[in-house]
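**Student:** If you want the building blocks of each chain, they are given just below.
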Amino acid sequence: MTSTPLPTLLSILQVFLNLLIFLALAPLFDGIVRRVTARVQNRQGPPLVQSLYDILKLLGKENIDSTGILPFKLAPLIAFASMLCVIAILPMAGRATALTQYADAISLVYLLTLGGVAVLLGAFASKNIYALIGASREMTTMIMVEPILFMILLLGVLKTGSLDLGAVIYGTPMAAFGLPGVVMIVVSLFGLQAFVARQPFDMAEAEQELLGGPFIEYSGPNYALFKYYMMLKQMFYAYLPIAMFVPLLGTGFYLADLALQLALTALVFLLIGLLSATHPRYRIDQAIRYFGVLFLIALGAIAAAVVL
Amino acid sequence: MWLTSKIKQILMVMKPGVVTLDYPNERPPVPENLRGQPVFDHQKCIGCGGCSDHCPARCILVRDVCQELRVMLYDGGRCTYCGRCADICPEKAITMSNSFEIACDQKEDITTRMELFMMTCQRCGRCYEMEKTNAIDRINLKGFRYDNLEQRALIRKTSETFDPALLKESDNYQRPSDK
Amino acid sequence: MSKRKELEAKLIARLRDDVVCVEKTDPRTIFIDVKRAGIREASKIITTAGARYLCSVGYDNIERDGTLGMIHTFALDDSDQFVCCRTSAPVGDPVIESITPDLPSAGWSEREVTDLLGLRFAGHPKPKKLVLADDWPDGIYPLRKDVPHNFVPKGAEDVAYELDEAPPGTKIVPVGPFHPSLHEPEHFAVYVDGETIKGCDYRGFMTHRGIEKLCTTQISYNEVPFIAERICGICGSVHATAFSQAVESAAGLIIPRRAEFIRTMMLEFERIHSNLLWLGVAGHLIGFDTVFMQAWRVREQIMWLCERLTGNRKTYGMILVGGVRRDITPEIADDIRRVMKNIEDDLTIIHRAIEKDTSIHKRTKGVGTITKQQALDWSLVGPVARARGVDIDARRDHPYAAYDEMKFEVPVLDSCDVWATLVIRVVETFEAIKIVRQCLDKMPGGEFFVEMKDKIPAQRHAITVVEAPRGESVHYVITGEDNRPERWRVRAPTFPNLQAVPLMLLDEQFGDFPIIMGSIDPCFSCTDRVAVVDLQTGQSSSITKAELDALSRRAQSPSHSLQTMLRG
Numbered sequence: 001m002t003s004t005p006l007p008t009l010l011s012i013l014q015v016f017l018n019l020l021i022f023l024a025l026a027p028l029f030d031g032i033v034r035r036v037t038a039r040v041q042n043r044q045g046p047p048l049v050q051s052l053y054d055i056l057k058l059l060g061k062e063n064i065d066s067t068g069i070l071p072f073k074l075a076p077l078i079a080f081a082s083m084l085c086v087i088a089i090l091p092m093a094g095r096a097t098a099l100t101q102y103a104d105a106i107s108l109v110y111l112l113t114l115g116g117v118a119v120l121l122g123a124f125a126s127k128n129i130y131a132l133i134g135a136s137r138e139m140t141t142m143i144m145v146e147p148i149l150f151m152i153l154l155l156g157v158l159k160t161g162s163l164d165l166g167a168v169i170y171g172t173p174m175a176a177f178g179l180p181g182v183v184m185i186v187v188s189l190f191g192l193q194a195f196v197a198r199q200p201f202d203m204a205e206a207e208q209e210l211l212g213g214p215f216i217e218y219s220g221p222n223y224a225l226f227k228y229y230m231m232l233k234q235m236f237y238a239y240l241p242i243a244m245f246v247p248l249l250g251t252g253f254y255l256a257d258l259a260l261q262l263a264l265t266a267l268v269f270l271l272i273g274l275l276s277a278t279h280p281r282y283r284i285d286q287a288i289r290y291f292g293v294l295f296l297i298a299l300g301a302i303a304a305a306v307v308l
Numbered sequence: 001m002w003l004t005s006k007i008k009q010i011l012m013v014m015k016p017g018v019v020t021l022d023y024p025n026e027r028p029p030v031p032e033n034l035r036g037q038p039v040f041d042h043q044k045c046i047g048c049g050g051c052s053d054h055c056p057a058r059c060i061l062v063r064d065v066c067q068e069l070r071v072m073l074y075d076g077g078r079c080t081y082c083g084r085c086a087d088i089c090p091e092k093a094i095t096m097s098n099s100f101e102i103a104c105d106q107k108e109d110i111t112t113r114m115e116l117f118m119m120t121c122q123r124c125g126r127c128y129e130m131e132k133t134n135a136i137d138r139i140n141l142k143g144f145r146y147d148n149l150e151q152r153a154l155i156r157k158t159s160e161t162f163d164p165a166l167l168k169e170s171d172n173y174q175r176p177s178d179k
Numbered sequence: 001m002s003k004r005k006e007l008e009a010k011l012i013a014r015l016r017d018d019v020v021c022v023e024k025t026d027p028r029t030i031f032i033d034v035k036r037a038g039i040r041e042a043s044k045i046i047t048t049a050g051a052r053y054l055c056s057v058g059y060d061n062i063e064r065d066g067t068l069g070m071i072h073t074f075a076l077d078d079s080d081q082f083v084c085c086r087t088s089a090p091v092g093d094p095v096i097e098s099i100t101p102d103l104p105s106a107g108w109s110e111r112e113v114t115d116l117l118g119l120r121f122a123g124h125p126k127p128k129k130l131v132l133a134d135d136w137p138d139g140i141y142p143l144r145k146d147v148p149h150n151f152v153p154k155g156a157e158d159v160a161y162e163l164d165e166a167p168p169g170t171k172i173v174p175v176g177p178f179h180p181s182l183h184e185p186e187h188f189a190v191y192v193d194g195e196t197i198k199g200c201d202y203r204g205f206m207t208h209r210g211i212e213k214l215c216t217t218q219i220s221y222n223e224v225p226f227i228a229e230r231i232c233g234i235c236g237s238v239h240a241t242a243f244s245q246a247v248e249s250a251a252g253l254i255i256p257r258r259a260e261f262i263r264t265m266m267l268e269f270e271r272i273h274s275n276l277l278w279l280g281v282a283g284h285l286i287g288f289d290t291v292f293m294q295a296w297r298v299r300e301q302i303m304w305l306c307e308r309l310t311g312n313r314k315t316y317g318m319i320l321v322g323g324v325r326r327d328i329t330p331e332i333a334d335d336i337r338r339v340m341k342n343i344e345d346d347l348t349i350i351h352r353a354i355e356k357d358t359s360i361h362k363r364t365k366g367v368g369t370i371t372k373q374q375a376l377d378w379s380l381v382g383p384v385a386r387a388r389g390v391d392i393d394a395r396r397d398h399p400y401a402a403y404d405e406m407k408f409e410v411p412v413l414d415s416c417d418v419w420a421t422l423v424i425r426v427v428e429t430f431e432a433i434k435i436v437r438q439c440l441d442k443m444p445g446g447e448f449f450v451e452m453k454d455k456i457p458a459q460r461h462a463i464t465v466v467e468a469p470r471g472e473s474v475h476y477v478i479t480g481e482d483n484r485p486e487r488w489r490v491r492a493p494t495f496p497n498l499q500a501v502p503l504m505l506l507d508e509q510f511g512d513f514p515i516i517m518g519s520i521d522p523c524f525s526c527t528d529r530v531a532v533v534d535l536q537t538g539q540s541s542s543i544t545k546a547e548l549d550a551l552s553r554r555a556q557s558p559s560h561s562l563q564t565m566l567r568g
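Protein chains in written order, with this note's numbering: chain U, 1 to 308; chain Z, 1 to 179; chain B, 1 to 568.
Think of the hints as simulated: they come from the structure by calculation, not from any bench. Be aware that a few hints might be false.
Below, in silico cross-link-like pairs of lysine to any residue (SDA-like), each with a Cα-Cα straight-line distance of 20 angstroms or less [unchecked claim]:
no., chain 1, residue 1, chain 2, residue 2
1, Z, 8, B, 351
2, B, 5, B, 22
3, U, 127, B, 292
4, Z, 6, Z, 17
5, Z, 8, U, 286
6, Z, 8, B, 443
7, B, 362, U, 285
8, B, 129, B, 80
9, Z, 6, U, 190
10, Z, 8, B, 361
11, Z, 15, B, 431
12, B, 44, B, 122
13, Z, 15, U, 285
14, Z, 8, B, 442
15, Z, 8, B, 423
16, Z, 8, U, 274
17, B, 314, Z, 29
18, Z, 6, U, 286
19, B, 356, Z, 11
20, B, 129, B, 159
21, B, 442, B, 417
22, B, 362, U, 190
23, B, 44, B, 61
24, Z, 15, B, 90
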């Protein structure tokens with residue numbers, strides 16, 4: 001990677017392929033969650049592409065700007081753009097894109113946080129009391145959950161001794177992770193619902209009490225961007241543990257590896273669907289306690305990785 | 001505990017399968033004695049107005065246009081489908097059909113209007129239906145006539161006087177908080 | 001009868017001349033007439049004798065003797081009796097001493113009477129508007145006989161309800177009038193400090209339909225049950241039965257035993273469907289939609305059964321004064337048995353799946369707690385009270401219809417939280433299934449409807465209670481001329497329960513607001529039924545969107561035909 005300062009044509013194509021895969025599949029994966037939820041509730045459920053229809057419909061609607069200030073309008077764009085950046089630098093199925101070499105694990109975490117901050121920005125700009133409560137819950141969740149994500153990546157950093165994204169995510173074979181790796185898989189599974197903001201950890205949006213929380217004042221295309229952002233984020237978080245902890249087939253064929261990883265990601269979505277359909281929403285104080293425990297376990301795993 | 005209840009919950013939902021229907025394409029059977037849209041048989045009706053007397057929603061109205069002509073108007077827009085009229089009708093001229101998908105744009109589509117030819121009794125001068133005997137004894141109409149202005153106070157205040165001009169005018173109203 | 005004599009002796013000993021008379025006609029109801037100076041003392045004596053406050057009824061007696069009447073009603077649960085303490089005040093000086101300082105749950109009843117009849121209460125701790133709209137003109141009391149039922153006053157633009165002061169350091173979160181956890185338009189101002197609720201004020205009564213006024217001015221006895229049924233979308237039969245029983249009791253009409261059995265069955269069907277509905281809604285309110293869908297899937301069977309039985313899913317239209325409308329045929333009886341079996345099986349599965357679910361416990365245990373004493377003070381009713389260790393159930397304490405022959409358990413828990421309410425309502429559903437089966441087994445033959453042959457004499461008072469799924473409903477009827485009641489007061493179970501909600505919310509998390517609110521199974525329409533601006537003659541189900549639109553716009557419109565009519 002260090003030997004090719006100029007990106008090849010293929011790796012430039014790779015950026016667009018990444019974006020295409022995520023933009024096309026995220027709504028479908030969201031559709032899987034909706035379908036699974038429907039089946040758990042003995043319903044027929046919407047078609048798989050329903051989330052895409054929703055986005056298209058929202059895009060065709062009017063943008064109602066209740067505040068008239070710039071941050072309110074910018075927030076959805078920032079959120080969406082930061083997520084696209086994350087995707088653009090992501091080495092999917094072990095193949096680096098043209099942009100991967102300019103980024104590392106820190107910038108990945110940074111870009112993900114930027115998305116969250118944009119949501120907060122929009123919420124605070126909208127000045128709605130529900131949005132404010134939602135934003136404060138979102139902020140608490142971020143403070144608790146982002147370190148857990150960071151520690152998952154840190155494990156890769158520790159094992160390979162490099163901050164390079166490709167190395168962090170794909171550099172360590174499954175067996176080399178050892179016990180800390182197993183613990184981290186469990187942590188990322190238990191943290192999954194919090195990463196994707198679904199039940200039991202969707203208290204920031206909490207329809208029953210906060211009516212959508214941070215997004216309450218958004219409508220039309222702006223809201224569509226936020227929705228798309230949420231779906232992309234959800235797909236990223238579902239893909240990450242697969243990429244890190246499930247070894248590649250090693251066939252050397254990019255497409256085969258990619259197909260396997262995406263199939264496994266779909267399975268993660270199945271799990272997300274099942275978990276969110278069988279849980280009530282936790283209160284924020286209960287969620288904080290839960291994240292605290294998760295944080296300590298993750299910290300323990302890192303400590304173990306350092307010591308071993 | 002947590003895990004066992006989650007497994008139980010997943011198992012619980014396996015058995016019934018999908019229970020919702022693809023509604024407009026797939027319809028559940030309608031029970032026989034459903035109280036759906038009432039159907040009026042003008043052949044049987046003697047114009048006694050019993051249905052109008054007993055309608056809790058006041059949706060059956062009676063009007064005597066002249067000595068010989070009585071108009072019965074059923075306003076489906078207000079009907080609560082209680083079926084009281086069908087119970088009361090002495091001639092069984094009202095039946096509750098089992099059609100219930102009667103949402104429509106035009107109120108007239110669910111309004112039934114019957115014009116009944118009433119003969120005047122040569123002895124007392126009151127109305128009765130010619131072919132039935134002694135029906136006069138059943139006529140004891142107290143209310144819900146729409147030719148009677150006092151009784152009319154009861155009937156549709158909201159929909160009747162609403163007009164689009166009013167709606168347009170109201171767009172300019174200021175809410176108290178706007179000030 | 002000893003209770004009556006005991007009470008009479010106590011009252012006369014303490015109040016002497018203030019007691020006008022203690023009626024002896026009805027064995028079940030003790031009517032006590034006192035002068036207005038002694039009303040607070042009398043209510044104290046009655047409550048210390050072990051009576052539980054039900055509600056207060058105000059009525060217009062101006063035409064007869066120039067007074068406004070006031071009745072405080074109480075129940076003696078251990079001896080199956082009701083105490084109605086009547087008093088009156090001349091219309092020129094309409095002030096009575098308030099009983100709210102002694103009985104907090106009388107607060108709303110008295111405010112309601114102040115709004116609707118203009119009777120004022122000296123010493124009321126919060127004499128604010130309760131029922132009437134903010135812009136309702138002063139000096140017009142809609143329940144008085146001289147105000148027509150369709151009176152619409154001119155709207156005013158710049159009046160708003162003054163909510164209570166927020167405690168210092170708190171923010172106001174407006175919940176409602178439109179909020180997903182409320183289901184009906186009501187407004188709560190919740191005062192929060194961070195996420196902790198520090199207080200709450202309520203401004204409701206937005207779903208006014210003027211049903212009581214309508215039924216006492218426009219329609220006759222046997223049409224009222226159909227409108228009573230539409231007071232509430234969940235416990236319709238309860239209101240229809242309660243009204244019919246009150247009229248029957250006033251008229252001395254004995255209805256066939258078979259009709260009583262069928263009424264009992266309808267009430268229990270309603271309990272089953274309502275409890276399942278509530279279980280689902282409770283699940284939804286804590287964000288657990290699968291419970292919602294599953295409970296409603298099971299509930300659907302009873303809706304279909306009722307559709308086959310009565311011709312409609314919900315507004316059964318079965319109850320009339322004098323009996324019921326449709327009989328239970330042997331085929332239907334088999335159908336009922338089959339459906340009961342299915343529901344019992346399905347509910348058992350759901351019950352097992354959620355009873356040990358720690359994630360549900362997390363959201364419901366220790367939430368919305370108030371003590372048993374507080375529950376007694378605020379005279380809570382129904383599952384909400386039984387979850388706080390208050391052992392009351394109108395079906396057992398004041399048996400009506402065929403409940404005297406039924407054997408059933410009344411579950412009472414004392415963990416005082418939302419979880420206890422949930423458990424009680426699930427257990428009650430199983431009990432309801434038991435009662436339906438007993439009804440089928442024991443049902444006698446014969447008629448199921450008896451005609452009212454004689455005219456019902458005017459000026460008779462009657463009170464009935466019926467245990468609705470969410471608590472006890474109280475109906476008070478004063479019979480009148482023209483084949484219609486002169487005064488009909490409905491007290492729905494939400495009326496007392498809602499008053500205690502601010503207490504339940506205190507120091508809880510804002511995230512628990514929906515489930516605490518939902519735990520009392522609030523039915524705002526039931527609670528609001530009484531006010532008078534009636535534009536829809538009580539038929540809320542028949543309002544179209546355009547009509548509603550027009551209605552809301554016309555509320556501000558000065559050019560209204562009715563107003564011109566009234567001014568003219």
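**Student:** All hints, please: hold or fail.
**Tutor:** Going through the hints against the structure:
no.	hint	in the structure
1	Z/8 with B/351	holds (10 angstroms)
2	B/5 with B/22	holds (9 angstroms)
3	U/127 with B/292	violated (33 angstroms)
4	Z/6 with Z/17	holds (18 angstroms)
5	Z/8 with U/286	violated (24 angstroms)
6	Z/8 with B/443	violated (39 angstroms)
7	B/362 with U/285	holds (11 angstroms)
8	B/129 with B/80	violated (35 angstroms)
9	Z/6 with U/190	holds (15 angstroms)
10	Z/8 with B/361	holds (16 angstroms)
11	Z/15 with B/431	violated (25 angstroms)
12	B/44 with B/122	holds (16 angstroms)
13	Z/15 with U/285	violated (36 angstroms)
14	Z/8 with B/442	violated (37 angstroms)
15	Z/8 with B/423	holds (18 angstroms)
16	Z/8 with U/274	holds (13 angstroms)
17	B/314 with Z/29	holds (17 angstroms)
18	Z/6 with U/286	holds (19 angstroms)
19	B/356 with Z/11	holds (15 angstroms)
20	B/129 with B/159	holds (12 angstroms)
21	B/442 with B/417	violated (37 angstroms)
22	B/362 with U/190	holds (17 angstroms)
23	B/44 with B/61	violated (25 angstroms)
24	Z/15 with B/90	violated (67 angstroms)
The structure shown violates the earlier hints numbered 3, 5, 6, 8, 11, 13, 14, 21, 23 and 24.
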